[in-house]
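Chain order of the listed sequences is A and B.
This note's numbering numbers the first residue of the first sequence as 292 and each following residue consecutively.
This note's numbering numbers the first residue of the second sequence as 292 and each following residue consecutively.
Any given hint might turn out to be false.
Stated by the list, open to error - Covered by chain A, according to a simulated footprint, are these stretches of chain B (three or more residues, beta-carbon under 8 Å):
#: 1; region: 308 to 320
#: 2; region: 416 to 425
#: 3; region: 431 to 440
#: 4; region: 469 to 478
Stated by the list, open to error - Taking lysine-lysine and the DSBU-like style, the derived pairs with C-alpha atoms no more than 30 Å apart in a straight line are:
#: 5; chain 1: B; residue 1: Lys379; chain 2: A; residue 2: Lys433
#: 6; chain 1: A; residue 1: Lys529; chain 2: B; residue 2: Lys433
#: 7; chain 1: B; residue 1: Lys521; chain 2: A; residue 2: Lys433
#: 8; chain 1: B; residue 1: Lys388; chain 2: B; residue 2: Lys414
#: 9; chain 1: A; residue 1: Lys329; chain 2: A; residue 2: Lys352
#: 10; chain 1: B; residue 1: Lys414; chain 2: B; residue 2: Lys521
#: 11; chain 1: A; residue 1: Lys505; chain 2: A; residue 2: Lys352
#: 12; chain 1: B; residue 1: Lys433; chain 2: A; residue 2: Lys486
#: 13; chain 1: A; residue 1: Lys414; chain 2: B; residue 2: Lys388
#: 14; chain 1: B; residue 1: Lys486; chain 2: B; residue 2: Lys414
#: 15; chain 1: A; residue 1: Lys352; chain 2: A; residue 2: Lys379
#: 16; chain 1: A; residue 1: Lys521; chain 2: A; residue 2: Lys505
#: 17; chain 1: A; residue 1: Lys433; chain 2: B; residue 2: Lys414
#: 18; chain 1: A; residue 1: Lys352; chain 2: A; residue 2: Lys414
#: 19; chain 1: A; residue 1: Lys433; chain 2: A; residue 2: Lys521
#: 20; chain 1: A; residue 1: Lys433; chain 2: A; residue 2: Lys388
#: 21; chain 1: A; residue 1: Lys486; chain 2: A; residue 2: Lys414
#: 22; chain 1: A; residue 1: Lys379; chain 2: A; residue 2: Lys414
#: 23; chain 1: B; residue 1: Lys414; chain 2: A; residue 2: Lys388
#: 24; chain 1: A; residue 1: Lys433; chain 2: B; residue 2: Lys388
#: 25; chain 1: B; residue 1: Lys379; chain 2: B; residue 2: Lys505
#: 26; chain 1: B; residue 1: Lys414; chain 2: B; residue 2: Lys505
#: 27; chain 1: B; residue 1: Lys529; chain 2: A; residue 2: Lys414
#: 28; chain 1: B; residue 1: Lys433; chain 2: A; residue 2: Lys521
#: 29; chain 1: A; residue 1: Lys505; chain 2: A; residue 2: Lys486
#: 30; chain 1: B; residue 1: Lys433; chain 2: A; residue 2: Lys433
#: 31; chain 1: A; residue 1: Lys414; chain 2: B; residue 2: Lys329
#: 32; chain 1: A; residue 1: Lys329; chain 2: B; residue 2: Lys414
What the hints assert, rightly or not - With the C-beta cut set under 10 Å, the calculated list includes, among others, these residues of chain A facing chain B:
#: 33; residue: Val376
#: 34; residue: Glu377
#: 35; residue: Pro381
#: 36; residue: Arg412
#: 37; residue: Leu427
#: 38; residue: Leu428
#: 39; residue: Ile442
#: 40; residue: Leu443
The hints are simulated quantities; they were obtained by calculation from the structure and are not laboratory data.
For each residue, glycine too, the CB sits at the ideal point set by N, CA and C.
Residues per chain are reported as follows:
Protein chains: 2
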Amino acid sequence: MPSSNRFGIKALAFDVFGTVVDWRSSIICEGAQWGRAKNLSVDWAAFADRWRAGYMPTLNKVRTGALPWTKLDALHRSILDELLVEFKIPGLTETEKDHWNRVWHRLAPWPDAVEGLERMRPKYVLATLSNGNLSLLTNMAKFSRLPWDAILGGDLFRHYKPDREVYLGAVDLLSVRPEELMLVAAHPYDLEAAKSHGLSTALVPRPMEYGPEKAAAAPTSCAAADVTAKDFVELAEKLG
Amino acid sequence: MPSSNRFGIKALAFDVFGTVVDWRSSIICEGAQWGRAKNLSVDWAAFADRWRAGYMPTLNKVRTGALPWTKLDALHRSILDELLVEFKIPGLTETEKDHWNRVWHRLAPWPDAVEGLERMRPKYVLATLSNGNLSLLTNMAKFSRLPWDAILGGDLFRHYKPDREVYLGAVDLLSVRPEELMLVAAHPYDLEAAKSHGLSTALVPRPMEYGPEKAAAAPTSCAAADVTAKDFVELAEKLG
Numbered sequence: 292m293p294s295s296n297r298f299g300i301k302a303l304a305f306d307v308f309g310t311v312v313d314w315r316s317s318i319i320c321e322g323a324q325w326g327r328a329k330n331l332s333v334d335w336a337a338f339a340d341r342w343r344a345g346y347m348p349t350l351n352k353v354r355t356g357a358l359p360w361t362k363l364d365a366l367h368r369s370i371l372d373e374l375l376v377e378f379k380i381p382g383l384t385e386t387e388k389d390h391w392n393r394v395w396h397r398l399a400p401w402p403d404a405v406e407g408l409e410r411m412r413p414k415y416v417l418a419t420l421s422n423g424n425l426s427l428l429t430n431m432a433k434f435s436r437l438p439w440d441a442i443l444g445g446d447l448f449r450h451y452k453p454d455r456e457v458y459l460g461a462v463d464l465l466s467v468r469p470e471e472l473m474l475v476a477a478h479p480y481d482l483e484a485a486k487s488h489g490l491s492t493a494l495v496p497r498p499m500e501y502g503p504e505k506a507a508a509a510p511t512s513c514a515a516a517d518v519t520a521k522d523f524v525e526l527a528e529k530l531g
Numbered sequence: 292m293p294s295s296n297r298f299g300i301k302a303l304a305f306d307v308f309g310t311v312v313d314w315r316s317s318i319i320c321e322g323a324q325w326g327r328a329k330n331l332s333v334d335w336a337a338f339a340d341r342w343r344a345g346y347m348p349t350l351n352k353v354r355t356g357a358l359p360w361t362k363l364d365a366l367h368r369s370i371l372d373e374l375l376v377e378f379k380i381p382g383l384t385e386t387e388k389d390h391w392n393r394v395w396h397r398l399a400p401w402p403d404a405v406e407g408l409e410r411m412r413p414k415y416v417l418a419t420l421s422n423g424n425l426s427l428l429t430n431m432a433k434f435s436r437l438p439w440d441a442i443l444g445g446d447l448f449r450h451y452k453p454d455r456e457v458y459l460g461a462v463d464l465l466s467v468r469p470e471e472l473m474l475v476a477a478h479p480y481d482l483e484a485a486k487s488h489g490l491s492t493a494l495v496p497r498p499m500e501y502g503p504e505k506a507a508a509a510p511t512s513c514a515a516a517d518v519t520a521k522d523f524v525e526l527a528e529k530l531g
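Same shape as in the complex, but just chain A (with noise of 0.2 Å):
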């Protein structure tokens, strides 16, 4: 893989929740088709957004040591046995709470993003760097045809972003050196850190993620980053 590039990089390494896919809408459409099922009558895009919510508190949690490792399948599983609580869905099956834990495994891409990967394919080493585990994201590679060369998750590192074993170790494991490797993320804190251990950095801004009510929120611009695309395949174009 030669570094023929302007930026000098290798490897491409991708924030997959909210930057690869739209875990929202995936879990608002799943949940609303599940919820007729069942005949349940819950608010889907409050849950979504409840789910998410419970995210980095509990991540922190992790990575604070008040919990041991744990993965996010587990994590996710723990604020979801708070949220059929809060949102009265009660009386589900272990199976029945299993499959719809693993909604996360089932994920849609953001419409650019597919087309985007088989892009930049041909140049660069493509690979997840998320902390979603790495069964989460091989089935939902699998699920969404995402085109990845190698996945790498937290349970590969014990850690989870922004600690620094994370994109350290990545940089590592895809034996490059830092600043070959590329941190693709919607998420300024992500490029933010990448940036502090030596990464190249993409923000590729997906002012969907958190629904339309949120769009004028969403960061258009990061000082961190290197080059800022608008999807995926504006980055192709741009990484050449």
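For this one, chain A is given, so just place chain B on it according to the hints.
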């Protein structure tokens, strides 16, 4: 991924060197081309065999703690440096040595491998489970179009097969029970170790791995194998 097959498996983990790719022919072929360009007179079959013969003793130095954790790329390089003396190939630049060492990233699959993997992929998660490092295996997959869902290599576990950490580490990362993961390998030692840790096992003999003169000595059966198939296409048929 339902486990509706008669073996009850959800994922397949493949040994790579010898089982998926024909390292010997690939090294002989590239060596011969390179040797003509450099006007070298080298027995490339002997060179390939000596390189591979250095593999297990060198790995074992890591396994026993005589060497600290070292990626396979670096172990291959240490053997190569000895072989360049032994085969009287002087004066290579560092770039040339590095390129030649990475011939292990450019190994060609056995003729049935890609077709068989494509047939298995809709039903099973397909992962490598190799002593190769992740970047080596990722580059090889891009080079030879091997359709892996996930790349698992020695450096994820900082252990080499047949250490238990590799087999049980794969079980953990793939989020399956041991018996739901089937190791596919051409080598009885690997199948025996996997079976001893509860994995399912498939033998795919590769009689030409060490060249036609050694074909008669290759294993054609293995007591530790749950299933034996002559190639990956037959394995796909047997797994349903």
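Holds or violated: Lys529 of chain A to Lys433 of chain B, with C-alpha atoms at most 30 Å apart: The hint holds at about 22 Å.
Given pair status - Lys414 of chain B, Lys433 of chain A, alpha carbons within 30 Å: holds (10 Å)
Restraint check for Lys433 of chain A with Lys388 of chain A, where alpha carbons must lie at most 30 Å apart: holds (22 Å)
Within 8 Å of chain A's CB atoms, at least three CB atoms from the region 416 to 425 of chain B: coverage verdict: holds (count 4)
Satisfaction of hint between Lys352 of chain A and Lys505 of chain A, Cα-Cα up to 30 Å: holds (27 Å)
Interface hint outcome for Val376 of chain A [beta carbon to chain B under 10 Å]: violated (26 Å)
Agreement of Lys329 of chain A and Lys352 of chain A with the hint, judged by alpha carbon distance not exceeding 30 Å: violated (34 Å)
Residues of the region 431 to 440 of chain B with Cβ under 8 Å from chain A, three needed, outcome: holds (count 3)
Pairwise hint evaluation, Lys414 of chain A against Lys486 of chain A, where the allowed Cα distance is 30 Å at most: holds (22 Å)
30 Å limit on alpha-carbon distance, applied to hinted pair Lys505 of chain A and Lys486 of chain A: Holds, at about 26 Å.
Pair hint Lys414 of chain B and Lys505 of chain B, alpha-carbon separation not exceeding 30 Å: violated (35 Å)
30 Å Cα cutoff - pair Lys414 of chain B, Lys388 of chain A: OK: Lys414 of chain B and Lys388 of chain A at ~23 Å, within 30 Å.
Taken one by one, the earlier hints fail for this structure at numbers 1, 4, 5, 8, 9, 18, 22, 24, 26, 27, 33, 34, 35, listed in ascending order.
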